[in-house]
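Heads up: the protein sequence lines correspond to chains A and B, in order. Going by my numbering, the letters in the first sequence line up with residues 1 to 111, in that order. Going by my numbering, the letters in the second sequence line up with residues 1 to 113, in that order.
Source of the hints: derived by calculation from the structure; they are not laboratory data. Treat the hints with care, since some could be wrong.
Okay, derived cross-link-like pairs now, DMTMM-like style, lysine to aspartate or glutamate, Cα gap no bigger than 25 angstroms in a straight line [as the list claims (entries may be wrong)]:
#1 A:K98 to B:E75
#2 A:K67 to A:E5
#3 A:K106 to A:E3
#4 A:K42 to B:E106
#5 A:K56 to B:E53
FRET-style restraints, in silico, Cβ to Cβ [to be verified]:
#6 A:N22 to B:G3: 26 to 34 angstroms
#7 B:D62 to A:S40: 26 to 34 angstroms
#8 B:D62 to A:N108: 34 to 42 angstroms
#9 B:N59 to A:P14: 18 to 26 angstroms
#10 B:L39 to A:L75: 21 to 29 angstroms
#11 B:S27 to A:G9: 31 to 39 angstroms
#12 B:P61 to A:K42: 23 to 31 angstroms
#13 A:P14 to B:G56: 25 to 33 angstroms
#14 A:D55 to B:Q17: 46 to 54 angstroms
#15 A:P111 to B:G16: 14 to 22 angstroms
#16 B:T20 to A:G59: 23 to 31 angstroms
Glycine included, C-beta positions come from ideal geometry on N, C-alpha and C.
One letter stands for each residue in the lines below.
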Amino acid sequence: QKEVEQNSGPLSVPEGAIASLNCTYSDRGSQSFFWYRQYSGKSPELIMFIYSNGDKEDGRFTAQLNKASQYVSLLIRDSQPSDSATYLCAVNPDNFNKFYFGSGTKLNVKP
Amino acid sequence: DAGVTQSPTHLIKTRGQHVTLRCSPISGHKSVSWYQQVLGQGPQFIFQYYEKEERGRGNFPDRFSARQFPNYSSELNVNALLLGDSALYLCASGTGGVGNTIYFGEGSWLTVV
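Input sequences plus hints: build the corresponding full structure.
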C-alpha cells in the first residue's frame, strides 16, 4: 500500500473555475501535510502546508485536512492557465525531512 | 537570501560510472535530504542528514551514499550507475523538528547511457 495516493489525472478545468485536488494517506499518526506544485521540467515548489483539521486559506488556494478520514485536498479558486502543472501531495509523519509524496495530479486549465 | 543550490544541473554518465551531486541548503537550515524523482512519479526519499548525522535512509541500494559537511552542505554519491538511476535528483533544505517544511533546489538531471 502506498503511503500517499493521488489521482494522476489529468484534471481539466476551464479558466476561472475551481479546481479540486485530492489526496489520501495511510499513516494515521502523520502530523503535517503539504502541497507542492511542479511545472514540467522544474523542481517542486511549496504552495502551502496544513497541520490542523479544517481549512487553511492562502490567496486563491485552500487546503483542507480531515485526519479522521486521512484525507487532504487542495482547492484552487479562479483557476488560471498558469496553474497548469502537476500538484504533489506530501505527508511528513515525524516532522523531519522524510516526506512521503504522492505521484501527483496533473492539472490542465483551459483558456 | 539564496535558496537551495544544487550542482551540476545536468549530466550524462555511462553505466558503471560514479557520480557526485552537490547541494547547499538555505542559510540557517541544518537539515538536508535527498530525493529521487523518476518521470511520472513523485519524489522518493533517499537520505536525510541533520546536524551532520544521518537521520534516515530510504529503500535504496548501498551504491547510494551521502554525507553532510560542517557548513551543512551535502553531497550524494552513486556508484556503479545503472540505466535505472536516470532521474531528477532533488536536494531539500529544512529546519527539522516540529513544523518542519522542506524547500527544493532546482535539481540535478542525471542521464545514464
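Hints, one by one, checked against the model:
no., hint, verdict
1, A:K98 to B:E75, "17 angstroms, holds"
2, A:K67 to A:E5, "15 angstroms, holds"
3, A:K106 to A:E3, "19 angstroms, holds"
4, A:K42 to B:E106, "7 angstroms, holds"
5, A:K56 to B:E53, "34 angstroms, violated"
6, A:N22 to B:G3: 26 to 34 angstroms, "29 angstroms, holds"
7, B:D62 to A:S40: 26 to 34 angstroms, "33 angstroms, holds"
8, B:D62 to A:N108: 34 to 42 angstroms, "41 angstroms, holds"
9, B:N59 to A:P14: 18 to 26 angstroms, "41 angstroms, violated"
10, B:L39 to A:L75: 21 to 29 angstroms, "28 angstroms, holds"
11, B:S27 to A:G9: 31 to 39 angstroms, "36 angstroms, holds"
12, B:P61 to A:K42: 23 to 31 angstroms, "28 angstroms, holds"
13, A:P14 to B:G56: 25 to 33 angstroms, "42 angstroms, violated"
14, A:D55 to B:Q17: 46 to 54 angstroms, "50 angstroms, holds"
15, A:P111 to B:G16: 14 to 22 angstroms, "48 angstroms, violated"
16, B:T20 to A:G59: 23 to 31 angstroms, "40 angstroms, violated"
Consistency note: the structure conflicts with the earlier hints numbered 5, 9, 13, 15 and 16.
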